[in-house]
Structure formats: structure tokens, C-alpha cells
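Use the sequences and the hints to build the structure in full.
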Amino acid sequence: MVLEICGIMYKWTNFVYGWQKRYFELENGILMYYKSESEKQYGSRGAIALHIAHLVVNCFFN
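Note that the UniProt record's numbering has the sequence shown beginning at 1, numbered continuously upward.
Simulated from the structure, these hints should not be mistaken for laboratory data.
Hints are all accurate, no fakes.
In silico DSS-like links for lysine-lysine, alpha-carbon gap of 30 Å or less: (1) K11 x K35; (2) K40 x K11; (3) K35 x K21.
Pair by pair, the computed Cβ-Cβ distance ranges are: (4) H54 x M9: 14 to 24 Å; (5) V2 x C59: 25 to 35 Å; (6) C59 x S38: 29 to 39 Å.
Just so it is clear, CB atoms sit at the ideal spot from N, CA and C, and this is done for glycine as well.
Spelled out as C-alpha cells, the structure:
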């Protein structure tokens, strides 16, 4: 496995907590996220295969 890129991004959680910092990794075309880098040992909280993803630009914040 080749780790392509990793770092912190903000992810929408819900209306109570809003945007939260999460640790993301892009590996072999799969984007995975964790609550934090130190919690990687517990496994990812979610993942998406980017080659099948459909992206929509949200201009709400502009």
C-alpha cells in the first residue's frame, strides 16, 4: 500500500456539533477518515472509493 497524502480536514458531523476536525488519508484511491491520527489504531470511521465518487460543488459558503 502506498500512502499518497494525509492530513487534517473538516468534516460535517451534524447540526449539534457542526464541522469537526478529522484526520484523513488517501491511499490507493480510497479516502479514509479517523477521529484523530492517534486513533488510527482503532480503524477508520469511514471510507470512500474516489474512482466511483460523484462530487458536487456547494456554493453555500461563498
